[in-house]
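Colleague: Counting in my numbering, the sequence shown tops out at residue 186, every number present.
Rather than coming from a laboratory, the hints here were simulated on the basis of the structure.
Here a beta-carbon is modelled for each residue, glycine too, at the ideal position from N, C-alpha and C.
What you were told as hints is all true, and nothing was included just to trick you.
Ranges between beta-carbon positions, derived for each pair:
#1 66 to 156: 27 to 35 Å
#2 113 to 39: 45 to 53 Å
#3 90 to 68: 19 to 27 Å
#4 154 to 90: 14 to 22 Å
#5 129 to 87: 31 to 39 Å
#6 88 to 64: 18 to 26 Å
#7 87 to 109: 26 to 34 Å
#8 39 to 96: 56 to 64 Å
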Amino acid sequence: MKRNLGLMICGLALLSVVSCFDPSQPNYQYFPDMYESVGYDTYAEAPFFNGTAAQLPVDGSIPRGWQPYDYPNTNEGYELAKAELTSPLEKTDEHRAEGKELYAIYCAVCHGSKGDGQGILMKREKFLGIPSYADREITEGSVYHVLMHGKNAMGSHASLIDAEERWQITQHVMHLRAQLTK
Numbered sequence: 005m006k007r008n009l010g011l012m013i014c015g016l017a018l019l020s021v022v023s024c025f026d027p028s029q030p031n032y033q034y035f036p037d038m039y040e041s042v043g044y045d046t047y048a049e050a051p052f053f054n055g056t057a058a059q060l061p062v063d064g065s066i067p068r069g070w071q072p073y074d075y076p077n078t079n080e081g082y083e084l085a086k087a088e089l090t091s092p093l094e095k096t097d098e099h100r101a102e103g104k105e106l107y108a109i110y111c112a113v114c115h116g117s118k119g120d121g122q123g124i125l126m127k128r129e130k131f132l133g134i135p136s137y138a139d140r141e142i143t144e145g146s147v148y149h150v151l152m153h154g155k156n157a158m159g160s161h162a163s164l165i166d167a168e169e170r171w172q173i174t175q176h177v178m179h180l181r182a183q184l185t186k
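Using the sequences and the accompanying hints, generate a full structural model.
Modeller: Now the structure itself:
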């Protein structure tokens, strides 16, 4: 009898503890800011924010990893780059091999793996009139400029590949052009 009474008391105590539990609110919060964070206004009135707008970068600042390119996105800029711009990279097999890999990713679908303008998109007639490198007077500077700004239907690749990769692709394009004009 005492044993059953003890079990009944334990059962009632357990039932009372479970019945008072509210799953939407934990019992005691040791670090309440972790459970219910304080909402801060992102652009609150503060001396270092200009009202409710994000801060502008300092004049003349350059994003990390970005190198300025002084040739404008115009026909005159293209001609100037074509005449003046040369690759700062040493012409090595390693650079050209890397350029060949990048070319296969970004360029060959339109220009073809040989640079003859017969890429898969040309063959499927998605883009027409893609020139062969042999049909154009191109230089290192003109290829780099087109990769940087784009030309005609070709868009800019500046956001996809960095400056060194553009020069590596340029080395490979000039190699393809030399193969086509033999």
